[in-house]
Structures are given as structure tokens and as C-alpha cells.
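K.L.:
Between the sequences and the hints, there should be enough to build the whole structure, so can you do that?
Numbering (the working numbering), first residue to last: 1 to 1120.
Misleading hints may appear alongside valid ones.
[Stated by the list, open to error] Under the rule of at most 27 Å between Cα atoms (straight-line distance), these lysine-lysine pairs were calculated in the DSSO-like manner:
no. : residue 1 : residue 2
1   : K93       : K77
2   : K508      : K603
3   : K555      : K227
4   : K721      : K751
5   : K751      : K221
6   : K644      : K1047
7   : K555      : K613
8   : K581      : K603
9   : K555      : K566
10  : K721      : K895
[Unchecked claim] Ranges between beta-carbon positions, derived for each pair:
no. : residue 1 : residue 2 : range
11  : N230      : I992      : 37 to 45 Å
12  : E963      : Y161      : 25 to 33 Å
13  : A605      : E577      : 55 to 63 Å
Keep in mind that the hints were calculated from the coordinates and are not lab data.
C-beta atoms are modelled at their ideal positions from N, C-alpha and C, and glycine is treated no differently.
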Amino acid sequence: MWRWVRQQLGFDPPHQSDTRTIYIANRFPQYGLYTPQKFIDNRIISSKGYEDWLRHNSDNEVNGAPVYVVRSGGLVKTRSKNIRVGDIVRVAKDEIFPADLVLLSSDRLDGSCHVTTASLDGETNLKTHVAVPETAVLQTVANLDTLIAVIECQQPEADLYRFMGRMIITQQMEEIVRPLGPESLLLRGARLKNTKEIFGVAVYTGMETKMALNYKSKSQKRSAVEKSMNTFLIIYLIILISEAIISTILKYTWQAEEKWDEPWYNQKTEHQRNSSKILKFISDFLAFLVLYNFIIPISLYVTVEMQKFLGSFFIGWDLDLYHEESDQKAQVNTSDLNEELGQVEYVFTDKTGTLTENEMQFRECSINGIKYQEINGRLVSEGPTPDSSDGNLSYLSSLSHLNNLSHLATSSSFRTSPENETELIKEHDLFFKVVSLCHTVQISSVQTDGIGDGPWQTNLAPSQLEYYASSPDEKALVEAAARFGIVFIGNSGETMEVKTLGKLERYKLLHILEFNSDRRRMSVIVQAPSGEKLLFVKGAESSVLPECIGGEIEKTRIHVDEFALKGLRTLCMAYREFTPKEYEEIDRHLFEARTALQQREEKLADVFQFIEKDLILLGATAVEDKLQDKVRETIEALRMAGIKVWVLTGDKHETAVSVSLSCGHFHRTMNILELINQTSDSECAEKLRQLARRITEDHVIQHGLVVDGTSLSLALREHEKLFMEVCKNCSAVMCCRMAPLQKAKVIRLIKISPEKPITLAVGDGANDVSMIQEAHVGIGIMGKEGRQAARNSDYAIARFKFLSKLLFVHGHFYYIRIATLVQYFFYKNVCFITPQFLYQFYCLFSQQTLYDSVYLTLYNICFTSLPILIYSLLEQHIDPHVLQNKPALYRDISKNRQLSMKTFLYWTILGFSHAFIFFFGSYFLIGKDTSLLGNGQMFGNWTFGTLVFTVMVITVTAKMALETHFWTWINHLVTWGSILFYFVFSLFYGGILWPFLSSQNMYFVFIQLLSSGSAWFAIILMVVTCLFLDIVKKVFDRQFHPTNIEKAQLTETNSSIKCLDSMCCFSEGETACASVGRMLERVIGRCSPSHVSRSWSASDPFYTNDRSILTLSTMDSSTC
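P.N.:
As C-alpha cells, then:
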């Protein structure tokens, strides 16, 4: 731990060489276990502490998970955080690997195991990993105790798919060297599947694991509202200091006259006369700061934290964000960003698993230049086959019936000459042999028991086989081949078994040429039952077609383009036959490259390129990744809301574009611009300038931009400004072939642009974690690719379609609520302290307080706190259905408009104007020589202050009532209850001589004040005067300068509101004040939940049933 800290601080260079040597530690004393450190979080006293506590518990679940390590011939139980490099770890089925392990052995004889890396790269299907032969036989703890070996491997790096090393095994005084690659490394965070147990040696632990290195350091996210609050706070701090300075200067100006400096009733002491004037000036300045410090709303931060923490529960309670199929509700991991959901300007989304279901289904294929599509489990050709009379069904339609070979000859739709028939059958058979053998698919061990060793079990249909694969594409293709008669049965050692039309065939697996993103293809070299050495190749058309020298290349290329335009994912199939001499040379080159410790990847790439050439093209496949429900509608709604949508995916260019077209991200009428296959900085810069000119020339047309990962790297290297200029002028951008960190870089580029837009990232896999953490708001989709994205996100939802309500309803409400909360707090504190400042002009700046100390304390805590808190939790200024059906209303709150400087100045000036009315209204009504009591008694200082305070409490509470549109019984209780509580408290506080108070200036003051009819008249007059100004402004704005939200409120009022929801309500029948009520409804735009007839259409484009918890009040079911 100390070494890691020193590395982070830069004192201890972490690595001195490119490789590390690991001695396998299988001999330890039985005792001497590590003492685990326990961290106790004692600061769970706020919402942030609660959230940190939840994360702390989540971390403990991982770091404190029990594991078993081999020590001195036995298994010792410890915790995952205690694993050290060199430890041999045992992992059982369905357990997660606690560190990066090199596989030593498994319960299988060949030393293989299957893992799922859904939490790392988002792939839910199984990957196969193998141990070296010398350790694969060590299947017990006792055997492992005899192992003497050293592993030399590269230093830790973030690339999940790159690992180079070698194991030097000492057996009988002889050293055996075996290469280690990605197929030998079990990554931390992956899960063991379909294997009883494995043993592996830890090579990377803790923060050196690939999973940890892939995590971007999570920065503290702060919302735009918080930044505005801090700006406003600085302004009010300047006001506070200015008032203190003015008061101090005026005090000494006043005291320049001798009669005011030392009046006869307040003589100075000798010490006061001789004290330093500078110190006295500073002392008075600090005293005024203390007197006016309540203008800084410290309680604002407490209320905001409560509002965010409590308000976050509404997202989880919203039944419209609940997904019944997966039984998942929305989750809030960070409540600090609720209001940021209402400020999003850019949405960056992953494609696979986020916009799509990540369920691949075989749809079409092209074999020998003929296109087929699957219909009801049978392949149907789209055009006439060679020498076919009608071309309705091809030969392959009969393959769906196993063992029905006679159907070949009698099929009326396939009449060919015997020579052509034999050749065509061979080509189709070979095509599906490639599909069935060139893959990493595995079958559940329970189902494959006995299948490989005996004859075909006729009672086990292909549909009963459960396949696991490293990619959903492979699984879909193997399942499709099984439906058409070429059934992959499984692996038995180095043998791959398939059943072709009921006949069992065994192919010896000689070599696997693994897939990588540079080659974009994978291959296998197998030995057929007849003895031929065959190379089967499967990959993207851009990487396979250029290497082909035979087959229907041009026809297949056309078909692949047609598949891509339909949004299908395509792969090409090819093969090559080796002579014995060619195979010997290939086998030697592969061994040399795989055992090289330096530049192994480059050598393997050269060998792979040497092997995968002179191919014969067989055809292409097309699988569909089905779009999630209502993705098109959601993207269109985001666009209507003024939000730009970028799709960041690792898919190929053609597939990504077609999916973008199918989901509405790109329109058919949109001009699609491309920045792909750029190879140099100069070429990339010139292409960007061309695109910029095209956009300028065609400024009326909407443009969409397609960028690939390579071109993006060049564009971000030296041409960021030009690239951003092009992107900002495009309506939609799609980035394909993106690496995880590239996604984060793109978002970072947008974040730091001059406009500083608010960004939101949506993803479902661990490969999306970096961009989720980089964006202002991160949304995790709780899909089929693990939970890493959901755990590292700020919010988690089950489907992409829920994003619309999360932003347009919850985000809109949260922003309006907290914006009003912030402005209101500054307003009511200005109302509170400004009379204190004005009062100093009438007390010779003697720092005499206007209010009683108890009132000073309780003003923000009790008298005015609850109405704004409840408002900030429950307010709905417009119906949720309207917000969701009219996404354009989202534009009205974008760019933090409700907290603009103009709005802030309005609230501040309103606070000052109300404060002047409070003070001078009270002063002139009960000023000099004015008696307001029947016995002629005069009011004193405390009575005057109490009158000001009473008017202030009523006014600021009534102001909150004017801002409230959605009234529930809770709003009524806290609004009118706060005023009532103030009166009751003041009566008790001033009506009793409390023995624990040293002095009680307020004794009988409040009772005496309320006994005066003139005081009551003054209170009512000043409250009405203050609120009248605000009402006039609201009426003027709504009538002559209404916002889109106010127009929507007016439309809603005209169509569905039956009465006014404020202090009085009008019945449905005409009354004397019905016309006045209708006018007020139009002006204020209110909505009373108990008197609303909601007339929403049952064909709601997003949600047909509003089950939102936001609707707190009861509604008549007949009108809902």
C-alpha cells in the first residue's frame, strides 16, 4: 500500500523495465496470515455521507470477498485484498476472479475453462481460456505443490485484450518454456462459468489489474446550479462587506460631532478614549459583519442537500421508470446532479445493448453469389438459383429437416444437373462448415456429456443445445447453422465435432488465429476427416474480401452492402486448403512467433497476414441486433428538445450508419458526411476543411457526420478546433470503431469547448464506464452486459426509452424546483437583513439589533424553511404528460436560464423593495409621536422590530404561495401552518416569563402589538402592497411576454382545469365570481389536483398510463 502511495506521488517509479518476473508462490508457512485493515466511516451524517457509505459497502463486498489460496500443500481461506503476486488462487464455478490470474489448470483434462467478461467489456457470452499442457495436468492442491515455475510477463497495462509473457517450468532439472497470451489470462472482474473450478497464479493485483487501470479517476461532479449558487454567494458577500463598510464609515462620520461621539448619557471611559482608532475601526467593522451576516444564506446549503437527497427517491418510486420484464427500477447513485438532468445539451450513447437489445438473430446470407433469407426456420432464396425452374426455395430449405436426404432429389424447386448439384451442395456445405467451426462457441458441459464420445443422440434436438460464445454474433450464426443441418456438437480435447445431416464428423483443431481489431477477422486451421489441412476464415468484408482470389467476390460485396443498409451486422466466410509442405512452414512460423517474448504481437501479425491470403470466398452472413422499444421516438424527442445526440460505438462503419438510420438518429433526407480511413494529419486536415466548406455551401440541409476511431485520433491530435467546428454544425454525429478511452476523450472535447455545454453519457457495459464518468451526467443501462456501467453511473435505468421521462419530466421539475429554491432563499434573506441595515440610520449605528435574538435564530430554521422545502420536493408547475408530449418545453430551461443574472437581479431587487416597504411602512405608521394603543401608550423599539418581523414572515410565506402551482394538502399544511406557528410561538414566547432566560425583552410585546387594530391594518396593508407589485409583474409578463411553459399552462388550463386551486375554488356551475375565477386561472396558470379533469389520449406516444409517484393527490379514475 505504501509503495503504491509513493508511486502515485511520484517518489517511487513503479516500473524499471518492460517485463516483470513472478515466482509462483506455493510454499508458505501455514500461519502468518495478513491482518485485514478495517476502515470505519464515522461521517455518515449527510446525504453525501450516506452515498459514500453505500459505495464503501460496495467496495467492501469486493475487497473483502473470501478466496482460497494454496499454501504449503493446503487451501487457506483469506480475503481478496490480501492476494499477492505469485499466489496460487482457487476459483469455483460462478465466482468472480479476485485478481488477474494466469490459468494453471481446471477440472477439464485439456486445462480449458469458460468465463464471461460481461462486467469488463460488455460481452455476455463465454470466452474460452486454456492452460499450458505442463500445468493443465496439475488438477489437485497436492500436485500444484510440486510445481516449480517462473512467469515472465509485461508490466501492467490497461488493454484488456493484450497480454504477453512466458512460463518457464522446471521438470526433472530441465526448463520448458511455454508462451502465454490473452487466452491464458483470467481478468479480475470476470466470472467463471461452465467449469467446476480452476487454479490460477496471480500476476496483477489491486490497482495493477487491467480492470483497475481501465477506470478513469472519478472527478467530483458539480452541477451548474451549484456553480451559480457560488457566484451569487460571492455577490452577496460583496453586499455584506459593502454594508459593513458603509455602516462603519457612517458611524465615524456621525460621531465626528462631539455631541454624538460622547453624549451626556453615555460617557466614555479613559481606556476607551486612549484606545487605538484603527483597532476600534476594525472592531466596529467586524461587529457590523456579525450584525449583517444573516444575509448570507448558510441554511440554503442545508436545504439544498435535503432537497436533493429526499427528491432523489422520487426517481426510484416512479413506476413509469420500472421495467417489469427484468424487475428493475430506476436507481440514483448520486443525488447531487438531479437538477443537471434538466440542463442536458449533448447526449452521447453507446449502440449495442443501449439502443439495441444485444440479442442477435440470423436474418440473411449470401452463398456463392446467391442471397438467402430465413423464413420460419428455412432458407429462401430471393432470386432464381442456377438451373432452377422457379427459384422459390433453394436446396438449403430442405436442410432444416435432418436426415431427409431424399428431399434433395425430389424438391421441385431445385432441379439441376448432377454435376452442378454436387458442386452447389459442396459449396453450401462448406459455407456452413466454416460457420460451425470458425468460432469460440462452447456448449454447456451438462448437455455435452457423452455426446462427443458416442454416436449422435437422436433424442437431443439442435434446439436443445445451449451455446455460449465470446460474441452474440457467433452464437447466432452457430445456432442458424444447426437449424440448417450443420450442428456443432462441441469440443473434445483438440477435436471439434459437427453433425452434418445426421452424420458425425470430427475435425482436429490445429491452430486458432485469434480475432483482433486490426485484422478484424479470426481463423482456424483444422484437419478434415479426409486428412486435408483447411484454413477457415471469418471476418469483416473490408478485411476478408481483399485477401480473396476466388469466389463470387463482386456479387458478395453488393449483397454485403445491401445487408448493411438494412442495419444488419455482416461477416464474410472464406477458406484455403494447404499442402503438407505449406502447413509445415506455417506451423513453424506460428511456433516461433508465439514463443517470442519481445515484439510478439508484431511477429504474430506478420504470420497471420502470411497465412490469411489467397482465400476462396464462400459468402457472407447477416445478423440483426434488434432495436429496443421506442428508441426512435426517444431520439426524436431528444432532438425536439434541442439536445444533440451522438452515437459512440465500436461497430463497423456500415452497420453503425444503418442502425443510426433505422433508429432515427440519421434521417433519410440528411446529408451524411464521412471522415473515415484517414491515414495522416495532413489528409485528415484537408478532409475536415472540405467538410466545413460543404456544410457552409449547403447550410439549409441537415448534416450528419460519421467518424471512425482512427480518423478521430488524427483529428483530436492537432485539429481539434476544426473538428469541433464541423461537429457543431451537424445535427447528428456517429463515431464508429471507438475504443473506450476514445469515447471519454470525445466527451471531454465537448465539455471544454467555449460554450461549456452540459453532457450526458448513456452506456450499458464496462467499456462505457470511462465516458459515463467523464460526462456531466452518467446514465447506466441495467441491461445484459453486467452491472459495471450501472454501478459507476450517476443514475441507472433499465431501458433507453426511460431517458425521455428522466430528462423531460424529472429533470425539468428538479431544475425548476431548485432554481426557485435558490432564488427564494436569497430573496428572503435580503428581506430579513435589509431592515436591520436601515435601522442603523436611526440608532446612530450603535449596532443595536432590530430583532430579538430568538427571532434571528428561528427565522430560517422554523418560520420560513418548510414551505420552500416542500415546494422543492412536490412542485409541478405543469402536468408531467404535457412535459413529456411537448419536448420543446425543455428548451425553456436550458442553459441555466432560471438562474441567469437577470433573474437573480430581479429576485434581489424584489427583496430590497419588500424590505424597504417593511421598514418604512412600519416607521411611518408607528413613527414619531404616534400612539396605536387605546390608553395612549407608545410603541417601543422591540414592538417596532416585531411588527417588521411579522410583516416579513407573512409576506415571504405568501410569496412562496404565489410561486406554487401544484397544491397538495402538504403544501397547505406547511404554508399556512408556518404562519400559524409563528403567531402561536410568539404568543407563548412573549406571554410567559421564562425562568431560564437571563433577560426577556419580548415579554408581552407581541400580545400588546396584536391588541392594536392599527397594527393589524398596517400588517395587512404592507403585505398587500408587497404582493401587489409581484402580481402586477406576473400579469404583465403572462399577457404580453409569455414563455412557452406559460403558454402550455394556459392551454392546459383552458382544456382541463375546472377551478382555481388557490385559496378559493369555484364550482363547475356559474357563480357570481366565475368570470373572475376564469381570468385568474388564465393569468396564474394554476393546477389543483383535486379539481382537474385530465383528458390525455390513451394513445400516448411514450406511456399510456401515468403511474408516476409525482401525482400525489387522488384523481377520479373516470377522468384520468
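K.L.:
None of the hints should be skipped; say for each whether it holds.
P.N.:
Okay, the hints, checked on the actual structure:
1. K93 <-> K77: holds (17 Å)
2. K508 <-> K603: holds (25 Å)
3. K555 <-> K227: Distance ~60 Å between K555 and K227 Cα, so the pair is violated.
4. K721 <-> K751: It holds: about 13 Å lies between the C-alpha atoms, which stays within 27 Å.
5. K751 <-> K221: Holds, because 12 Å separates the two Cα atoms, which is no more than 27 Å.
6. K644 <-> K1047: holds (25 Å)
7. K555 <-> K613: Measuring from Cα to Cα gives roughly 20 Å; hence the hint holds.
8. K581 <-> K603: holds (21 Å)
9. K555 <-> K566: holds (17 Å)
10. K721 <-> K895: Roughly 22 Å separates the two Cα atoms, so the pair holds.
11. N230 <-> I992: 37 to 45 Å: holds (43 Å)
12. E963 <-> Y161: 25 to 33 Å: 56 Å Cβ-Cβ, so the 25 to 33 Å window is violated.
13. A605 <-> E577: 55 to 63 Å: violated (23 Å)
In this structure, the hints that do not hold are numbers 3, 12 and 13, in rising order.
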